[in-house]
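Chemist: Here is how the chains run, residue by residue.
Protein chains: 2
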Amino acid sequence: MKQPLEKIKVLDFTRVLAGPYCTMLLADMGAEVIKIEKPGTGDDTRGFGPFLNNESGYFTFLNRGKKSIELDLKNPEAIAIIKELVKEADVVIENFRPGVMKKLGLDYESLQLINERIVYASISGFGQYGPYSQRPAYDLVAQAMGGLASITGHAEHPPTRAGSSLGDMSAALYAAYGVMVALFHREQTGEGQYIDIAMVDSIFSLLESNVMRYTVDKIVPERIGSRHPISSPFDIYKANDGYIVIAVANDSLFNKLCRIMGDPGLKEDVRFSTDRARTEHENELKAIIENWLQAYTVEEAVEKINEGGVPSSPILTIDEICEDEHTRVREMLIEMEHPVAGKMKILGNPVKLSKTPVVIKNPSPLLGEHTREIIEKYKNRTKINI
Amino acid sequence: MKQPLEKIKVLDFTRVLAGPYCTMLLADMGAEVIKIEKPGTGDDTRGFGPFLNNESGYFTFLNRGKKSIELDLKNPEAIAIIKELVKEADVVIENFRPGVMKKLGLDYESLQLINERIVYASISGFGQYGPYSQRPAYDLVAQAMGGLASITGHAEHPPTRAGSSLGDMSAALYAAYGVMVALFHREQTGEGQYIDIAMVDSIFSLLESNVMRYTVDKIVPERIGSRHPISSPFDIYKANDGYIVIAVANDSLFNKLCRIMGDPGLKEDVRFSTDRARTEHENELKAIIENWLQAYTVEEAVEKINEGGVPSSPILTIDEICEDEHTRVREMLIEMEHPVAGKMKILGNPVKLSKTPVVIKNPSPLLGEHTREIIEKYKNRTKINI
Numbered sequence: 001m002k003q004p005l006e007k008i009k010v011l012d013f014t015r016v017l018a019g020p021y022c023t024m025l026l027a028d029m030g031a032e033v034i035k036i037e038k039p040g041t042g043d044d045t046r047g048f049g050p051f052l053n054n055e056s057g058y059f060t061f062l063n064r065g066k067k068s069i070e071l072d073l074k075n076p077e078a079i080a081i082i083k084e085l086v087k088e089a090d091v092v093i094e095n096f097r098p099g100v101m102k103k104l105g106l107d108y109e110s111l112q113l114i115n116e117r118i119v120y121a122s123i124s125g126f127g128q129y130g131p132y133s134q135r136p137a138y139d140l141v142a143q144a145m146g147g148l149a150s151i152t153g154h155a156e157h158p159p160t161r162a163g164s165s166l167g168d169m170s171a172a173l174y175a176a177y178g179v180m181v182a183l184f185h186r187e188q189t190g191e192g193q194y195i196d197i198a199m200v201d202s203i204f205s206l207l208e209s210n211v212m213r214y215t216v217d218k219i220v221p222e223r224i225g226s227r228h229p230i231s232s233p234f235d236i237y238k239a240n241d242g243y244i245v246i247a248v249a250n251d252s253l254f255n256k257l258c259r260i261m262g263d264p265g266l267k268e269d270v271r272f273s274t275d276r277a278r279t280e281h282e283n284e285l286k287a288i289i290e291n292w293l294q295a296y297t298v299e300e301a302v303e304k305i306n307e308g309g310v311p312s313s314p315i316l317t318i319d320e321i322c323e324d325e326h327t328r329v330r331e332m333l334i335e336m337e338h339p340v341a342g343k344m345k346i347l348g349n350p351v352k353l354s355k356t357p358v359v360i361k362n363p364s365p366l367l368g369e370h371t372r373e374i375i376e377k378y379k380n381r382t383k384i385n386i
Numbered sequence: 001m002k003q004p005l006e007k008i009k010v011l012d013f014t015r016v017l018a019g020p021y022c023t024m025l026l027a028d029m030g031a032e033v034i035k036i037e038k039p040g041t042g043d044d045t046r047g048f049g050p051f052l053n054n055e056s057g058y059f060t061f062l063n064r065g066k067k068s069i070e071l072d073l074k075n076p077e078a079i080a081i082i083k084e085l086v087k088e089a090d091v092v093i094e095n096f097r098p099g100v101m102k103k104l105g106l107d108y109e110s111l112q113l114i115n116e117r118i119v120y121a122s123i124s125g126f127g128q129y130g131p132y133s134q135r136p137a138y139d140l141v142a143q144a145m146g147g148l149a150s151i152t153g154h155a156e157h158p159p160t161r162a163g164s165s166l167g168d169m170s171a172a173l174y175a176a177y178g179v180m181v182a183l184f185h186r187e188q189t190g191e192g193q194y195i196d197i198a199m200v201d202s203i204f205s206l207l208e209s210n211v212m213r214y215t216v217d218k219i220v221p222e223r224i225g226s227r228h229p230i231s232s233p234f235d236i237y238k239a240n241d242g243y244i245v246i247a248v249a250n251d252s253l254f255n256k257l258c259r260i261m262g263d264p265g266l267k268e269d270v271r272f273s274t275d276r277a278r279t280e281h282e283n284e285l286k287a288i289i290e291n292w293l294q295a296y297t298v299e300e301a302v303e304k305i306n307e308g309g310v311p312s313s314p315i316l317t318i319d320e321i322c323e324d325e326h327t328r329v330r331e332m333l334i335e336m337e338h339p340v341a342g343k344m345k346i347l348g349n350p351v352k353l354s355k356t357p358v359v360i361k362n363p364s365p366l367l368g369e370h371t372r373e374i375i376e377k378y379k380n381r382t383k384i385n386i
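Chains as they are written, first to last, in the UniProt record's numbering: chain S, 1 to 386; chain V, 1 to 386.
Read the hints as simulated data drawn from the structure, not as lab findings. The beta-carbon is built from N, C-alpha and C at its ideal position, and this holds for glycine as well. Just so you know, not all the hints are guaranteed correct.
Calculated lysine-lysine pairs in the DSS-like style (CA-CA distance at most 25 Å, straight line) [as the list claims (entries may be wrong)]:
(1) Lys355/S x Lys9/V
(2) Lys355/V x Lys9/S
(3) Lys345/S x Lys103/V
(4) Lys343/S x Lys2/V
(5) Lys87/V x Lys355/S
(6) Lys355/V x Lys87/S
(7) Lys355/S x Lys83/V
(8) Lys7/V x Lys361/V
(9) Lys7/S x Lys102/V
(10) Lys355/S x Lys102/V
(11) Lys256/V x Lys267/V
(12) Lys256/V x Lys218/V
(13) Lys38/V x Lys102/S
(14) Lys343/V x Lys218/S
(15) Lys355/S x Lys103/V
(16) Lys83/S x Lys355/V
(17) Lys345/V x Lys218/S
Coverage of chain V stretches by chain S, computed from C-beta distances (three or more under 8 Å per stretch; other residues unrestricted) [to be verified]:
(18) 4 to 16
(19) 34 to 41
(20) 46 to 59
(21) 179 to 190
(22) 206 to 214
When you get a sec, could you build the whole thing from the sequences and use the hints?
Modeler: Put into structure tokens, the structure is as follows:
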């Protein structure tokens with residue numbers, strides 16, 4: 001089957017998470033991604049758990065469908081080979097600290113002299129310019145500096161990191177989107193260009209209307225746990241054996257919830273008669289609902305509340321969502337046969353394309369698996385001995 | 001200036017957040033986005049605060065650069081006009097509940113008969129197929145069902161929603177990426193296609209290695225607050241007037257931190273002599289660090305710790321990140337002149353393209369502002385009176 005990006009060749013200098021997830025998104029769509037790895041050890045994530053037969057599940061997930069060549073970027077002959085590769089490449093992606101590629105002579109300014117059609121994306125913590133550009137980036141720092149941590153968690157608890165590396169993942173997504181826009185532009189005009197993505201900018205962009213609450217109303221959004229800012233009861237509630245979501249956003253749904261709860265006189269209570277009143281007396285209402293929920297398991301409660309016409313859902317743990325029928329039907333976990341690890345279940349791709357579905361052609365590469373295949377012809381061309 | 005998507009025409013049936021953010025990403029890159037709105041009231045978010053001269057900051061942010069036409073989708077003449085528009089469109093995007101567009105005769109199957117080159121993306125809570133497809137979607141439900149809420153927050157507190165609508169925002173990003181991949185494919189082959197994006201799949205995809213910890217090791221990741229799963233001290237800590245991040249991932253950084261803290265004998269303490277030992281005695285170490293931090297403000301502590309060579313950052317509140325020099329230099333807030341609201345600062349775009357930077361040609365449209373302009377020619381063609 002023809003894949004959308006099968007004519008696209010990506011030179012991938014990325015390591016760890018943000019960069020590799022970006023190039024994974026391109027590989028999933030058919031791009032030939034050539035991952036340049038440090039000789040001997042490769043991407044740091046080859047050493048990150050979980051492991052299966054000593055192969056990293058972390059690395060395997062992020063680097064499926066890519067090729068690996070070992071090249072020492074401090075060796076001028078390796079740089080010469082890379083410059084040969086650049087001539088035939090469409091995209092370069094890197095996530096070193098700003099300045100590193102320039103020192104190597106592999107920055108956009110240098111490479112566009114070799115191939116003016118190149119699309120070159122850099123992902124970093126704070127971007128290529130700006131006051132913090134040279135600071136080290138961690139996901140926790142991106143979530144903290146981007147404003148998300150300040151509004152995640154409960155008012156009475158400290159600011160909180162969201163439970164996965166959203167700074168990396170969102171930067172990867174904006175970068176993949178940016179690369180596709182730049183490739184599309186190149187199709188029309190022949191013009192390549194440079195793309196600069198910062199993790200902090202990416203997190204800040206995810207804050208949506210929280211930002212305008214400040215710029216327009218000078219309100220500083222605070223931590224409000226899981227509840228809805230202007231509707232109630234719309235929150236996470238404790239049932240007998242775990243937590244559930246109940247989502248009531250108007251009076252009609254509240255009346256339904258009262259019926260489901262056996263009509264304990266709530267809707268006649270002035271504290272709960274309007275959405276605004278309910279939000280003002282949210283803690284009292286929550287206590288009443290959680291008291292009622294103590295008689296039900298999560299499964300019972302979610303079923304009973306949905307049957308009564310009010311949106312409710314469980315809060316799935318990672319094992320539960322992995323084992324859920326939804327995940328199976330949507331192919332959100334895919335089994336990969338790896339030559340060393342054997343069978344491994346890894347995260348799928350949520351972009352469901354009808355005519356060119358995601359095909360993962362190969363498992364993640366062994367370190368240097370494609371060194372010989374890829375550089376053979378360039379060795380002759382550059383008379384280089386690697 | 002030439003923008004990458006200036007030849008692309010998008011018919012935008014989306015409302016609220018996920019769909020409008022996706023079409024905003026396309027409009028920012030130059031696409032002509034024609035937003036089809038309910039006569040009289042339009043997109044619900046026109047009624048969402050914050051307001052400036054009664055114009056919604058929420059709507060203004062998400063719908064910049066788009067055109068608005070009022071069309072009643074229950075009116076067959078409106079459907080006829082839409083079908084005329086489809087003939088000249090490149091992309092259709094909608095985020096109704098699955099089935100709604102089919103009832104209107106505007107599903108992909110119907111529209112590809114009119115224009116086989118159309119790229120058509122649907123965004124929904126649970127996707128177009130799967131066991132929960134018909135359930136109503138809220139961001140809270142997507143974060144809960146997608147597994148993120150179960151790992152966000154502290155072990156001793158309930159599962160927690162991340163503080164912004166990540167289910168919507170990530171689905172929008174995957175959709176924009178998918179649309180660009182499909183447009184690129186169409187450039188090569190002439191073939192349009194259908195794209196199905198689920199908010200729950202999008203959240204699940206953001207969980208990165210948390211998923212493989214379960215599929216490979218059968219470990220169910222739990223809530224660990226803001227701390228690092230295998231390194232310490234790498235967490236959020238309380239200083240005198242607020243919280244800071246300290247990120248120590250190895251012994252060398254820990255030695256530096258001890259020096260910064262005036263060497264209180266920590267590194268000689270067997271409880272803290274290795275990363276593993278520190279992680280095991282994390283609470284004791286945190287208490288010691290926070291006790292020391294009580295003598296410093298956030299600003300003093302971050303400066304002192306960074307000067308000593310250890311990564312540290314403040315946790316910026318929304319006002320702080322909005323007012324920060326980084327945000328100004330990176331143009332992450334842009335001022336828009338709106339004909340009714342006046343000047344309004346809205347979120348910028350984190351994709352920094354060197355040759356075709358984001359240009360927002362127009363403010364968000366007034367309801368129906370472009371109805372006459374857009375449908376005039378189709379009225380003649382279809383002899384329709386709207």
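Chemist: Take the hints in turn and mark each one as holding or not.
Modeler: How the hints compare with the structure:
1. Lys355/S x Lys9/V: OK: Lys355/S and Lys9/V at ~21 Å, within 25 Å.
2. Lys355/V x Lys9/S: Cα-Cα ~21 Å, so holds.
3. Lys345/S x Lys103/V: Violated. Lys345/S to Lys103/V sits at ~38 Å, over the 25 Å cutoff.
4. Lys343/S x Lys2/V: violated (48 Å)
5. Lys87/V x Lys355/S: holds (20 Å)
6. Lys355/V x Lys87/S: Between Lys355/V and Lys87/S the Cα gap is close to 20 Å, so the pair holds against 25 Å.
7. Lys355/S x Lys83/V: With a Cα-Cα distance of about 23 Å, the restraint between Lys355/S and Lys83/V holds, given a limit of 25 Å.
8. Lys7/V x Lys361/V: Distance ~14 Å between Lys7/V and Lys361/V Cα, so the pair holds.
9. Lys7/S x Lys102/V: violated (35 Å)
10. Lys355/S x Lys102/V: Distance of about 19 Å is within 25 Å: holds.
11. Lys256/V x Lys267/V: holds (10 Å)
12. Lys256/V x Lys218/V: violated (37 Å)
13. Lys38/V x Lys102/S: Between Lys38/V and Lys102/S the Cα gap is close to 52 Å, so the pair fails against 25 Å, i.e. violated.
14. Lys343/V x Lys218/S: holds (15 Å)
15. Lys355/S x Lys103/V: At roughly 23 Å apart (the allowed maximum being 25 Å), Lys103/V and Lys355/S satisfy the hint.
16. Lys83/S x Lys355/V: holds (23 Å)
17. Lys345/V x Lys218/S: holds (11 Å)
18. 4 to 16: With 3 residues closer than 8 Å to chain S, the region 4 to 16 of chain V meets the three-residue bar; holds.
19. 34 to 41: violated (count 0)
20. 46 to 59: n = 7 at 8 Å, threshold three: holds.
21. 179 to 190: Three-residue rule met by the region 179 to 190 of chain V, so holds; n is 9.
22. 206 to 214: Held - the region 206 to 214 of chain V has 9 residues with a Cβ nearer than 8 Å to chain S, which meets the minimum of three.
This entry does not satisfy hints 3, 4, 9, 12, 13, 19, going by the numbered hints stated previously.
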